Every structure is written in C-alpha cells, then in structure tokens.
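Engineer: Spelled out, the chains give:
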Amino acid sequence: MSKIKIVNLQKSFGDFTAVKNSNLTINDKEFFVLLGPSGCGKTTTLRMIAGLELPTSGEIYLGDEEVGMLRASERDIAFVFQLFALYPHMNVKNNLSFPLKMQGYSRSEIKTRVEEAAKLLRIDHILNSNISSLSGGDRQRVALGRALVRRPKAFLMDEPLGTLDAEFRELMCLELKKLHIDIGATTVYVTHDQLEAMSLADRIAVMDGGEILQADEPSVIYNKPATKFVASFIGSPGMNFISIDQGISNEQSTLNIEGTNFNIPKQYEISKGKKNSFGIRPENLSLTNEGGLKGSVFGVEYLGSRKIVTVKTNFGEIKVKTDISTNVKINENVQVKPSNDNIIIFDGETDKSLKSEFMN
Amino acid sequence: MDTSRSYLEPSSFSKKLAATIIIVYTVITLIPISWMVMTSFKNVNSAISYPPEVLFEPSLEGYVNLFTNRSRQSQEYLDSLPAPETWYEELVRSREMVITGPSKFLGRYSNSMIIGFGSTFASVFLGALAAYAFSRFRVPLKDDLLFFILSTRMFPPIAVAVPIFIMYRKLGLGDTHLGMIILYTVVNLSLAVWLLKGFMDEIPKEYEEAAMIDGYSRLQAFFKVVLPQAMTGIAATAIFCMIFSWNEYAFAVLLTQFNAQTAPPFIPTIIGEGGLDWPAIGAGTTLFLLPVMIFTIILRKHLLRGITFGAVRK
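Protein chains in written order, with my numbering: chain A, -12 to 347; chain B, 3 to 316.
Possibly wrong hints are sitting among the right ones.
Anything over 12 angstroms on all C-beta distances counts as not near chain A; from chain B, calculated [stated by the list, open to error]:
#1 Ser13
#2 Lys17
#3 Leu32
#4 Tyr52
#5 Val56
#6 Phe69
#7 Ser112
#8 Val141
#9 Met156
#10 Trp196
#11 Ile205
#12 Ile215
#13 Ala252
#14 Val294
Covered stretches of chain A (chain B as the covering partner; in silico rule of three or more C-beta atoms under 8 angstroms from a C-beta of chain B) [stated by the list, open to error]:
#15 28 to 42
#16 56 to 64
#17 85 to 97
In short, the hints are calculated from the structure, not lab data. Keep in mind it's a predicted model, so treat the numbers as computed, not measured. C-beta atoms are modelled at their ideal positions from N, C-alpha and C, and glycine is treated no differently.
With the rest of the complex left out, here is chain A (with noise of 0.2 angstroms):
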C-alpha cells in the first residue's frame, strides 16, 4: 500500500476545465472520499489517479513514484467501477482471477488468491455462477474482489454503491468500512452522497467546479466548513445562509440583523466587502417568541425523531430542526433565533468563510 499524492493537477477537455490547480495527500492506509455533486471533477480526478485519463499539467505520486503519463496497466492500482464492469462472458471465479492471468502468477498461486479473496468477501459459494445471475450486492462484492485479489498499491472506486437500492447500499457500506479495516488499504473513493462519504471516509475531500474546496475529516468538515459551497452541501438539509449588508469587522462579536443583535463568535477576519451572509445549521437554531429573526411557518417535515420546520422570513426561507415535542401550525408566526455560537460568517466575495473564535 501507498500514500497518494497529486500536484497542481489540471485536465482540460477542450475549453472546458473539468480539473483545476489541485493539490491532495492521501496517507497510506487512509479511506479517502471525493465527494461533489455531479461534473464537479471528482471521477476525473480519480480516472487521473488511474491512468484513465491522462492530465493536462501536473504530477500524480504512487509511492514515490511519478505515475502522471504512465499507462493504467502499469500502474498497480485497482478500480472498482460504478456499473462493476464485471466480464459478462466469463464467471466469477474467471472474471476473479483475470487480472492474474496477466501478471503470470502460478496456476495455484491465482487459485488461492481468488479462493482467499472469495472467502473475504463470502462469495465462495457463487465461484462458478455467471456474472448475470448474480444480485446486485454479490456483483458488487464481486467487483471488489476483483480489485482485492491483486493486492496493488491503492483501491480506486468509483461510486461503487450507486447503482444498489438504499437498504443494500447500507449494508454495503458497512462491509466495505470492515472490508477496510481489515485490509487496511489505500482507498479513494468518489461518491456524490454526502451521508455515504460521512460514514465511510477518514477525511473528505469536498470539490465544485474542478476545485478542491476543503479536505479534511468528516465532522471538521460539517462544522467548520471552509466554504458556503461546502456549507451548503454537507448536511440535511444544507446550512442556512442570511444576507447581511454589512462588513465585519475584527473583534467584532455582535451583529444587528433587522433591529435585533444576535452574539456572534468573536471574529478574527476582516471582510472584504459589506455583502456577507451568516450561516448557522438547522440543529443550532430554535424557535422563540421573541428576541430572534420575524416570520411565518411554511411548512414542518416530520423525520421520526426530529422535526425540520421551515420559516419564511424576510431573508428567505431559514429550516430549524427542532424537537419532536414541537407544535407549531402552518402560517403561525414565529421568530428564529441561534440557540448556540455555532455561527460562521463567509466573506461574500470570496465566499470562504471568515476566522473567528469558532472558525479557527
């Protein structure tokens, strides 16, 4: 296994940029999830990584060594695919031991290596079945071991869980992470799910438009995101935003929003310009009857242990997550009010978010 490590990698289609400047270290060993929303540049990254596609500029680093302008066949990596790829017209003990086949192993060598991938992956039983008499889960484990009987330097994959209905997908999840620490593997992983990234990645890479916008462990990027982007993307639902013409100041601890200060933590930053917003999740918000922001009820969602209402107000519709004991009707007015300091402030023309007491 291998550390992976790409350098002001850049891929152009054209005129169009799908990667742009990035930079990354995957440790060894390390679970690492690409996460983004679709065409955000997080498969090309990967298929970068693999040899797939090769970059426009940059360097990528497999171990020491610079694989960027290498073929994929010389780079010992494995890639699981989103619709698995598995060879239809061979099974699954064939379509295991392919890759084998190539490197020259003994005849008995590849036949305990697929048994001891089999075994791992309880698909044992299934050697002998064809690929299209499988179930999506087995297809799927079956695509894995494909990538496991090779022990290469890193496992890519490429929203392996994508095409698995919600329950499996779960259960999958689950044996991938064990799968994991079994192995203990290098592993990149590009999904545009952010629970499955949450739940499987050691850190997360959050990319939008060919950027790399933050990369860092999952609840680092949940409270202290880097950008309104990644703010907005990661939870459910997203942070609220509130537009707040006003610059902020250091030191600054207080804002006044419609008439009402509201305690901010204590900001280390200067803004840039006097259009910011003011972010805040729904699960630090409550609802008061005074001393917060003026609206009406547009609608509450019942999830089972919480409840998400969404309040209209005059800057825009602001979502609480709130307690189940809740009971507010639709148009009732009400006011929302921050129930901690967990509040960041982004800079509106960068749209990073600013340092403050929290943001450190």
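Given chain A, put chain B in place with the hints provided.
Structural biologist: Below, chain B without anything else, positioned relative to chain A:
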C-alpha cells in the same frame, strides 16, 4: 369483455394471423429453392419435360454430371470396355458415355470458399478494428470519415467495374484469389464498419478500462474483453459479408477466368449435350447454397440475440 388476458399478450387472432403470414411467406420463398433441389435430382429429360414433373424418379445424374467431364461413345466401344467399377461410371455408361475426368466444379467451389471466407474474415477483422477506433477514440473528422466510408456503398459496386478492371490488369491482380479477396473486402468493409460500430457503441467502455487497469494493453483488452462481447455483431456482420462475397456474380465474371474463378460464374456455363444441363446446374446451385446455409444456422443463435441487443438494460 375478456379480462383474463394480459394487455401485453397478443390476441389469439393476431397470433394466428401472424403465423399465417409467416407460413405463406415461407412457402413462397421456398418454392424456387425446392424446385432447384428437385431439378438437381431429376434426369435431363424430366428436368425439361412439359408439363413440369412434380413427382419423378430421383436420379443422381445431375451430381455425377456436375463433377465429371464425359464424352459420348459408340456402343461397340462401350462394350469393349471392362465392366464399370463404380455406381457413377455405371450411370454414365447407361447414357452411352464414358467419364473422361473430373470437371472444374470442385476447383471453382474451393475458389469460392477461399475467397468467400477470406474476404469475410478480412472484412470483419478490419471492420472491427476500425469500428472500435471510431467508437472509442477521438478521431479527427470522425463524422466525415464515417460518411465517406458509407458513401462507397451509395453506388452499385459494378459501376466502377471498368476502372477496377484496368487497375487489376496493371497490378496483376486479375484472376487471383488475393485480388478477389481484396475487392470483396473493400466492398464489404463499409457495411462492416457501420454495423460493428453500432455494436461497439453499446459495449460500455468500462470493460476495457477495467481490463487495462488489470494490466492488459488496449489491444489485449480489445481481444479478450471487447471482441467476445461483440460476438453478436460480429456474427451478424460476418453473415452479411459472407452472403455478398459468396453470391457475387458480376465482378467474378469480369475479373476471373481460370485460376480464381468462383462458382457463380461457373455454374450457369455447365453445358450438356444439346443445351444446358439443368440437373447439373441444379446440383451445382444446391451445393452452392449449403455453406451459407450452414454458416447462417451456426451463427443463428447470435443473430437472434442481436435483435434484442441493447433493448434491456444489463
């Protein structure tokens, strides 16, 4: 209203109608073929008798005549010969003739085999490579090139017979196997490229990518992963190419005389005494029909799969 029947299931009336149409069509198609096969088992007289004989005494005369050259001899000469050793000698003697040697049919037939299968293989092989390239790579002017390839089929091939004839004379390709293989391959290639490109487009590129990551070169991935999955398309294409080059008549007449003459220009020239030897022609045509028939039956499984290919998400 009959509600027991599924809306997807055709009604029994439409099923019967479909069956009737298919049977009528099959009968109409089979009449000339069965007439031909019947003719091959008639003797010379019953083949041209009027009214035509539907019931007749079968004879292998046509087949014997097809494979042999014979000459008519006087009864005295025939009597002076030792007794015939084989059934076909006996048959020929009963017509007051002796076998003077094998006919050219076998040679022409094997020419057809060599040229037919040779050009089919070449068309499918080159077509598959070209189709793969068009399907996967960013070829400059791809659409124009594809149209250009197709445009070679917009006129009947025989329209360029004169230039090809002159070209083949100059290049020394006239009346050679290689010349005919090249010619039929060129004609078939545009069809092969277009047909196979459609099939290649249907194969997700992830399969080759997976193989390449597994350590195979692109060409190895093509042979090990893409070709096996394109078998349906290859089978369909091979049948079309085979049928064309096997049946082709005009170029064969024009460009081949002895060495590389194929069966189609040869069969109609089988002349018996006092006119065409219809049973021999019938026999030649029947035998000529067999390879394409067998070839199609062998590949039929793939053809049937080809019809539904891509219809259902795998």
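Engineer: Of the hints stated earlier, which fail here?
Structural biologist: 11, 12
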